[in-house]
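Colleague: Here is what each chain is made of, one letter per residue.
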Amino acid sequence: MSAAAEDAVTEAPAVEAVPKRAMTLGTGTSLVILAALLVTPIFVKNFVVFQMTMVMIYGIAVLALNILTGGSGQFSLGQSAFYALGAYTSAVLMEVANVNYALTLPIAGLVSFGAGYLFGKPALRLSGIYLALATFALAVAMPQLLKLHFLEAWTGGVQGLTVMKPDAPFGLPIGQDKWLYYFTLAISLAIYIGSINLLRSRSGRAFMSIRDNEIAASAMGVDVAQYKTLAFGVSAGITGIAGGLSAIVVAFVAPDSYTINLAIALFLGMVVGGVGWLPGSFVGAAFIIFVPNIAESISKGLSGAVFGVLLFLVIFLVPHGARQVAMVAQHLLGKLTKKN
Amino acid sequence: MPAINLRLGAFSAALALLAATSSGAIAQKKYDTGASDTEIKIGNIMPYSGPASAYGVIGKTEEAYFKKINAEGGINGRKINFVSYDDAYSPPKTVEQVRKLVESDEVLLVFNPLGTPPNSAIQKYMNQKKVPQLFVATGATKWNDPKEFPWTIGWQPNYQSETIIYAKYILKHKPDAKIGVLYQNDDYGKDYLKGLKDGLGAKAASMIVMEESFEVSQPTIDSHIVKLKASGADVFINITTPKFAAQAIKKNMEIGWKPLHFLNNVSASIGSVIKPAGFENAQDIISSNYLKDPTDKQWQNDAGMKAWNEFLDKYYPEANRADASVMYAYTVAQGLVHVLKACGDNLTRENIMKQAASIKDLELGGLLPGVKVNTSATDFAPISQLQLMKFKGEGWELFGEILTGDVGG
Numbered sequence: 001m002s003a004a005a006e007d008a009v010t011e012a013p014a015v016e017a018v019p020k021r022a023m024t025l026g027t028g029t030s031l032v033i034l035a036a037l038l039v040t041p042i043f044v045k046n047f048v049v050f051q052m053t054m055v056m057i058y059g060i061a062v063l064a065l066n067i068l069t070g071g072s073g074q075f076s077l078g079q080s081a082f083y084a085l086g087a088y089t090s091a092v093l094m095e096v097a098n099v100n101y102a103l104t105l106p107i108a109g110l111v112s113f114g115a116g117y118l119f120g121k122p123a124l125r126l127s128g129i130y131l132a133l134a135t136f137a138l139a140v141a142m143p144q145l146l147k148l149h150f151l152e153a154w155t156g157g158v159q160g161l162t163v164m165k166p167d168a169p170f171g172l173p174i175g176q177d178k179w180l181y182y183f184t185l186a187i188s189l190a191i192y193i194g195s196i197n198l199l200r201s202r203s204g205r206a207f208m209s210i211r212d213n214e215i216a217a218s219a220m221g222v223d224v225a226q227y228k229t230l231a232f233g234v235s236a237g238i239t240g241i242a243g244g245l246s247a248i249v250v251a252f253v254a255p256d257s258y259t260i261n262l263a264i265a266l267f268l269g270m271v272v273g274g275v276g277w278l279p280g281s282f283v284g285a286a287f288i289i290f291v292p293n294i295a296e297s298i299s300k301g302l303s304g305a306v307f308g309v310l311l312f313l314v315i316f317l318v319p320h321g322a323r324q325v326a327m328v329a330q331h332l333l334g335k336l337t338k339k340n
Numbered sequence: 341m342p343a344i345n346l347r348l349g350a351f352s353a354a355l356a357l358l359a360a361t362s363s364g365a366i367a368q369k370k371y372d373t374g375a376s377d378t379e380i381k382i383g384n385i386m387p388y389s390g391p392a393s394a395y396g397v398i399g400k401t402e403e404a405y406f407k408k409i410n411a412e413g414g415i416n417g418r419k420i421n422f423v424s425y426d427d428a429y430s431p432p433k434t435v436e437q438v439r440k441l442v443e444s445d446e447v448l449l450v451f452n453p454l455g456t457p458p459n460s461a462i463q464k465y466m467n468q469k470k471v472p473q474l475f476v477a478t479g480a481t482k483w484n485d486p487k488e489f490p491w492t493i494g495w496q497p498n499y500q501s502e503t504i505i506y507a508k509y510i511l512k513h514k515p516d517a518k519i520g521v522l523y524q525n526d527d528y529g530k531d532y533l534k535g536l537k538d539g540l541g542a543k544a545a546s547m548i549v550m551e552e553s554f555e556v557s558q559p560t561i562d563s564h565i566v567k568l569k570a571s572g573a574d575v576f577i578n579i580t581t582p583k584f585a586a587q588a589i590k591k592n593m594e595i596g597w598k599p600l601h602f603l604n605n606v607s608a609s610i611g612s613v614i615k616p617a618g619f620e621n622a623q624d625i626i627s628s629n630y631l632k633d634p635t636d637k638q639w640q641n642d643a644g645m646k647a648w649n650e651f652l653d654k655y656y657p658e659a660n661r662a663d664a665s666v667m668y669a670y671t672v673a674q675g676l677v678h679v680l681k682a683c684g685d686n687l688t689r690e691n692i693m694k695q696a697a698s699i700k701d702l703e704l705g706g707l708l709p710g711v712k713v714n715t716s717a718t719d720f721a722p723i724s725q726l727q728l729m730k731f732k733g734e735g736w737e738l739f740g741e742i743l744t745g746d747v748g749g
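Chains as they are written, first to last, in our numbering: chain L, 1 to 340; chain Z, 341 to 749.
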């Protein structure tokens, strides 16, 4: 191993201070990526469009976790519960109450925000790994709660609910998959920009001061309890919107879709993308969707082990995830332009 | 003039001949996406990882079986290209994988995807795309619904068929029975209960003296057994998964309740249910099966069992031969080969469903003698026969004739 890699490993892990500027991409890069995202669906198969849509949806959920962990320094292994809550809210509203799919998303967000905020209250007494464990309990409980007998009339119990996939509105001549892709893209963009603004605002600064030093933050007049629960609520709300989107795109919800495995996958996506670096959320999402497929194509029987090896390589070589790769790339690019 | 006539005649004759041969060629060979002169591409989705990964062995056995078919020359000269993906038993992943199979790999059909939630997630898509969802690996009854879902077809006896068979047995041998039912409160338990009631027909209301349901999250079902005994029932229908089945058998003995005990096929495993509950406590329990149990000595010299062992020796030597899933996969793979052979050179998706829906009295080596595969345009439940068995000593003893319990979805 090179000395540089060694240094990187010994640096403070996970939640370390991320300067505000380093949280996003430059304007130019952002616009190029956006243009690429707008154009790609025209050239690829519907199935790839569907996969890209799923990447964005998981990306939103990872982003939500990133606000919580990278922003306010709290851990959560219970994101799958909020994701499930959002998915079921959307699905039940669409199938039982015949609400338009686009309108179910803000409701899903609000319901999950409420749940997250309320959960954040008792969770205040816990910190670090204890909080992670408490949220873990939430993730384990959720699939069983969804199977409860008296909810069955709405949730469909173990069988789950099949949702009608929406067509493009106004008679637009594009297929369902492409329409949902652009629909998801628009929402991801709105949430992404909103999140950046949130972290750059007064509240965002309060989050980060709590992350960096809770005592110092409260000495400076930050209402620690208030902002901690708020971070939980916001994170849960955004996760709920991602869940709602997934219900619309996958067109099916069932308790087995939202197990603890999902929560761990989202956590993994955050680490691989780079904790506290928002654009990395989408890289992390791509990792959790595509790398298991790659692992499976290498060995079917040992897909889990291969996935583990790949993950280990990533963590070992680039412990700060996609953020580190992006920084190195930027550095190299800077050198090149200087030479010219 | 005559020359011209002759020429015209010859010309038209040639034209007619050409037309005949060319249309003949078209009638002979017809392909949809995924089939060609040399290959048939089959998609499959299995939980190789995740909570249900024990079933992954089904996909591996199927792959081994198709290797054997290919080594022996394929089906009508075409090799099977078996593309199997992992969904970790997570429905959103199943949707992603099935789309990959249909839209990217362009398979002819999706064969034997496993689990009720994963299959529910893709059923609408498969039927919209008109791609066969052939022989799904789940016991739910809803797959037998050719009217709503003409592209989805089941395989194994569904839960309702099984309790219909128990009901028939009760009506015949114990018409004055007082029945107590214990069932798991989910779709699986309710499917079984519905079959029982349908099988008893008008007498269901008077014969069933107690219906007890329990949640799968409960640690024990002892109190339910005590209640059932107190109800005075003399027939006990035990619709539980392995852990609870073992508890029930044990508790029955402890409180001295000795009803005629029917145990659902889900929990008929000797290793995970009967042995922990104690052989002495399980005597005379009745259950049912449709596959040959490889550990059963009576099949030692059976031709079907020998063929199965030869196949495993050569193509899948590391398989666990006591695992019922290996026998299951072997049988269902044979079912697919039968359908593909019947399709001949007309490998369209429509013809595959047509052939899958017109299987008549097909017998396979892994099925109990007398159990036959039957389907029709209105019957999408291929296997609906079972044979009753009674627990004697340290093993199941088959008895009585093969029984049928056909139900729609």
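It should be emphasised that the hints constitute simulated quantities derived from the structure, not laboratory data. Careful: at least some of the hints might be erroneous.
Covered stretches of chain Z (in silico footprint by chain L; criterion: 3 or more residues with CB under 8 Å from a CB of chain L, positions within the stretch not fixed) [as the list claims (entries may be wrong)]:
| # | segment |
| --- | --- |
| 1 | 459–466 |
| 2 | 611–617 |
Here's a subset of chain L near chain Z, in silico, CB distances under 8 Å, partners left out [unchecked claim]:
| # | residue |
| --- | --- |
| 3 | 50 |
| 4 | 106 |
| 5 | 158 |
| 6 | 159 |
| 7 | 254 |
| 8 | 299 |
| 9 | 303 |
Label-pair restraints from in silico Cβ distances [what the hints assert, rightly or not]:
| # | chain 1 | residue 1 | chain 2 | residue 2 | range |
| --- | --- | --- | --- | --- | --- |
| 10 | L | 153 | Z | 394 | 30 to 38 Å |
| 11 | Z | 393 | L | 110 | 35 to 43 Å |
| 12 | L | 297 | Z | 566 | 48 to 56 Å |
| 13 | L | 297 | Z | 371 | 43 to 51 Å |
| 14 | L | 153 | Z | 590 | 49 to 57 Å |
| 15 | Z | 566 | L | 140 | 26 to 34 Å |
| 16 | Z | 681 | L | 324 | 39 to 47 Å |
| 17 | Z | 590 | L | 151 | 26 to 34 Å |
| 18 | L | 44 | Z | 660 | 53 to 61 Å |
| 19 | L | 122 | Z | 379 | 54 to 62 Å |
| 20 | Z | 393 | L | 194 | 52 to 60 Å |
| 21 | L | 302 | Z | 685 | 38 to 46 Å |
Built from N, CA and C at the ideal position, the CB exists for glycine as well.
Colleague: Does the structure break any of the earlier hints, and which numbers would those be?
Modeller: 2, 4, 8, 13, 14, 16, 18, 20
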